[in-house]
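A.B. asks: The residues making up each chain are set out below.
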Amino acid sequence: MRRVLDAIDRYQLLVAVGTTVLWGAILVVRVFLPHPVGLGDQDDGHRLFCELGLRDDRPWQAPGNELVYPTWVEHRYYGETCGANGTGEAYYSSHLALLRLARMLTPVLGLPGALDLRALAVICIAIVAFALGWLVAVLPGRVALRFVVVSAIGLLFADPGVAGYFISPYSEPAALLSVLLLCPALLMFFRADRPQWHHYLLVASIAAFAIASKTQMISLLPVIVVALLWNRRAAGAHRAQRLTRGFAVMLALGLAAVSGLYFTSQPQRFTMVNAYNQVFGTILPTSPDPAGDLEWFGLDPALASGSGTHILSEDSVATDPAYAEFTEKVTPAEIALFYLTHPARLPGLVGTGMEGAAEFRLPDDYAGSNLAGSGLPATQIDHRMESYTFAFTAFEVAPAVLLGGYWLVALIVFLTVTYHRADEPGVQAVGKLGLALIAAAFIQFWAVMLSDGRSDLVKHMIVVNVCTALTMPLLLAAWLNRKRRGTEGEEQQERTGGEADREPVAASVPAAASV
Amino acid sequence: MARIIALAGAILAIWGTVVAWDIQDPYEGAVRSDSQQVGTCHEFQTEFEASSLSDVAPPVPCDQPHQTETYLVGELPEDAGTVDGERPGREATVALTRELCDGSQLAAYLGAEYYDEHWFVAAWPRVPTPQEWARGERMYRCDVSPSAEGQLPTMAQSMKDILRTRAGDDFRRCFDAVGVAVPCSREHVAESVRSWVPIPGDVDPAAIPQEWAERSCTPIVSEFLGRDVRRTDYRIQAVAYPDVTPAVAQCRLLVPAGAQPIIGSLSTTIREGEA
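In the order they appear, the protein sequences are chains H and L. Note that the numbering used here has the first sequence beginning at 1, numbered continuously upward. Note that the numbering used here has the second sequence beginning at 1, numbered continuously upward.
By construction, these hints were calculated from the structure, which means they are not laboratory data. Among the hints, a few may not be true.
Only part of the chain L face toward chain H is listed, based on derived beta-carbon distances under 10 Å [as the list claims (entries may be wrong)]:
id, residue
1, R3
2, G9
3, A10
4, T17
5, V18
6, D22
7, I23
8, A30
9, S54
10, P58
11, V60
12, Q131
13, L152
Residues from chain H shown here face chain L by an in silico Cβ test under 7 Å; the list is partial [stated by the list, open to error]:
id, residue
14, R55
15, Y77
16, Y78
17, G79
18, E80
19, C82
20, Y92
21, S94
22, L96
23, H198
24, L201
25, I206
26, A208
27, S307
28, G308
29, T309
We treat Cβ as the ideally placed atom computed from N, Cα and C, and that holds for glycine.
Make the full structure from the sequences, and use the hints.
C.D. replies: Written out as structure tokens, the structure is:
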């Protein structure tokens, strides 16, 4: 043990552990004190929890979204009573892993029921705190600067837009936590002089967990595949490097296979509801020719009366005999083809999507934050530690211009950092991570818009929001490192009387943290 | 050390990914849809189970707490389903079975006489599961349950012929002093009689004359009570159905003038008294 400890930079370990403990404590206070807060259920929880044989301990017909019902009790479901939207089609998500852990933790914490969402929150907080500690160890630069950057990320996960999900029945925590865990994993991967098999394996396995959390997270696949295959340092003539390269290709293929398996095993009902939302909730309401659009899909133009409806609403056309062909004719590929052949519709689609992406947290009337049994009012919204929620309001002024502009500026900065700071692997890795996050946000944006469309838009954009928000501290990291390099360059110049101008800057930078 | 930590993290993430597919089998212990018959009782605890298109949970004895009871079993029309033989979509199936689970079959099961209404009950259509449908199974069933607002509907006895007993008062429609529909098992001042009396053109539906009401409703209410209503202290009222064209009225039986609200259906009371 002593030898192991000696092998690790004890100081780095202390900083990492200290950050983990500090942010763990901050998040515990934020979520649980003076009373626990979470996010009410918009009927999404059943499809996930029923797969574990659980039902919420909620009074019959009590609205699930006004208060949070944290206690889930054992229940035996038969046939299609469990599954996606009452169809019995199994709903798979890697979030079930976190729920299994929460189930184990519930009796340990003395909480009621078979699974209590407060136990899930403890697990979520532990993962966030661990990720922050890991990040502080792998970010480049001085400890104080790294801590500032990591704390900015900590604030992101303490914001109600994210922390609200910790005590909630949604599958978003798995997606958001895995995006966070990918940050230090990718940083470590990008920073490695010659990435080893374990670097690749860690990135690929966290990415697989992320992709298996929610259908739309398949958008991470191209980003991670490019990242795995991008690192040119792994390439080379040596046999070991060729083996590592081959391992990376194998992992990329494996990740694609997992993604494909996950995507195809998702309920058909989701595809059907998404297609309905896309056509009747997104395309037709803004169309100059709804009947013509329906004819393009090969559908009866009379279905145009369903424009603006939801599949479950009273005026839904899903019971119309003409709707029978809908699911066969309106596939995700057909929807993508529709937009490709109707490019004039894209600005409207982008504008709508940007409006959703510019809102960091859910609308106030979406779901209450207080727990049932707490005696606190229903539908009340948690406002603790709002930071990114506040920052994102700046985008709401002109979402398409400001958020799109931000992505563009961030893209340019990260490209610059990646290609002009090749002498500093740490800073370059920050640039690469930033590029990965911008790409993930952009692809996720389109995954949302081409699947659910306008329906439940703000909630579905949360991963876009978090990827975008994560780039902000990374821009800060890039800027702080640039400033530090400038300062240290000046100090060097003063010491050497100008000789530093001819010295590689990296030579004056302390060795980056290694894990 | 870094390798060990990374490997542990990777194993944890892979475990998390793999368990996404490790879920319970909901068909383990299930029964076939076509094995359930009229008079079987069924239990559910969640709204998702209540609104499920199929129910393959094992039935429970009707003298134990349960939520629904099967009152009708039938075969779906041959042309039900999609052209490729799949079960119709959820919305289409619900619309189809709403037509099949009609009120007359339910009334007969509950033991309703011709002039008896049945209220505060809900019908739940069930069709075969998608897998059963694919095997050619087309049997459907209609279940009935109490529909107490905001409460899990629970019964601990069969609802067959329940309107012929005092327990059936929970499913008869009465009106309280302010005109709100309540079960006849609660305090009320009027009781509804299943009737559909055309209102002639010279009668104002908004202010039906008492003379016309008594003339039109007396035979109906008398048959409902099983005795001549004119030989009792009870009064008769005719109320126009709203938004129905041409206008029709419904007959009601009112407690005697100045009397306190009563509990229990008058028809049940009188029938019990005669028995």
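A.B. asks: Run every hint past the structure and note whether it holds.
C.D. replies: Hints and how they fare:
Interface restraint check for R3 (chain L): the shortest CB-CB distance to chain H comes to about 5 Å, inside 10 Å, so the restraint holds. For G9 (chain L), the shortest C-beta to C-beta distance to chain H is roughly 6 Å, which falls under 10 Å, so the interface hint holds. The beta carbon of A10 (chain L) comes within 4 Å of a beta carbon in chain H, closer than 10 Å, and the hint placing it at the interface holds. Taking 10 Å as the C-beta cut-off, the interface hint given for T17 (chain L) holds, the closest approach to chain H being about 5 Å.
At about 9 Å, the closest approach between the beta carbon of V18 (chain L) and any beta carbon in chain H falls short of 10 Å, and the interface hint on this residue holds. Checking D22 (chain L) against chain H by beta carbon gives a least distance of about 7 Å; that is within 10 Å, so the hint holds. Using the Cβ-Cβ criterion of 10 Å, the hint placing I23 (chain L) at the interface with chain H is satisfied: the shortest such distance is roughly 4 Å. Hint status for A30 (chain L): holds, given a least beta-carbon distance of 5 Å to chain H, under 10 Å.
Against a cut-off of 10 Å between C-beta atoms, the interface hint on S54 (chain L) holds, since the closest Cβ of chain H lies about 5 Å away. Proximity of P58 (chain L) to chain H holds as hinted, the smallest CB-CB distance being about 8 Å (cut-off 10 Å). Taken as an interface hint, V60 (chain L) does not check out: its beta carbon lies about 12 Å from the nearest beta carbon of chain H, beyond 10 Å. Given hint, Q131 (chain L) at the interface with chain H, holds; its Cβ is 9 Å from that chain's nearest Cβ, closer than 10 Å.
For the restraint placing L152 (chain L) at the interface with chain H, the shortest Cβ-Cβ distance is roughly 4 Å, inside the 10 Å limit, so the hint holds. Look at R55 (chain H): its Cβ gets to within about 5 Å of chain L, closer than 7 Å, so that hint holds up. Hint status for Y77 (chain H) relative to chain L: holds, with the closest Cβ pair at about 5 Å, below 7 Å. Checking Y78 (chain H) against chain L: minimum C-beta separation of about 4 Å stays under 7 Å; hint holds.
At about 4 Å, the closest approach between the beta carbon of G79 (chain H) and any beta carbon in chain L falls short of 7 Å, and the interface hint on this residue holds. With 7 Å as the threshold, the beta carbon of E80 (chain H) comes within range of chain L, its nearest partner Cβ sitting at about 6 Å, so the hint holds. Taken as an interface hint, C82 (chain H) checks out: its beta carbon lies about 5 Å from the nearest beta carbon of chain L, inside 7 Å. About 5 Å separates the beta-carbon of Y92 (chain H) from the nearest beta-carbon of chain L, less than 7 Å, and the hint is met.
Using the Cβ-Cβ criterion of 7 Å, the hint placing S94 (chain H) at the interface with chain L is satisfied: the shortest such distance is roughly 4 Å. Proximity of L96 (chain H) to chain L holds as hinted, the smallest CB-CB distance being about 6 Å (cut-off 7 Å). With its C-beta approaching chain L no nearer than about 4 Å, H198 (chain H) sits inside the 7 Å limit, and its interface hint holds. Given hint, L201 (chain H) at the interface with chain L, holds; its Cβ is 5 Å from that chain's nearest Cβ, closer than 7 Å.
At about 5 Å, the closest approach between the beta carbon of I206 (chain H) and any beta carbon in chain L falls short of 7 Å, and the interface hint on this residue holds. Proximity of A208 (chain H) to chain L holds as hinted, the smallest CB-CB distance being about 5 Å (cut-off 7 Å). Here the hint on S307 (chain H) is broken, as its CB sits about 17 Å from the closest CB of chain L, past 7 Å. Here the hint on G308 (chain H) is broken, as its CB sits about 17 Å from the closest CB of chain L, past 7 Å.
Among the interface hints, the one on T309 (chain H) is violated; its C-beta lies about 11 Å from the nearest C-beta in chain L, farther than the 7 Å criterion.
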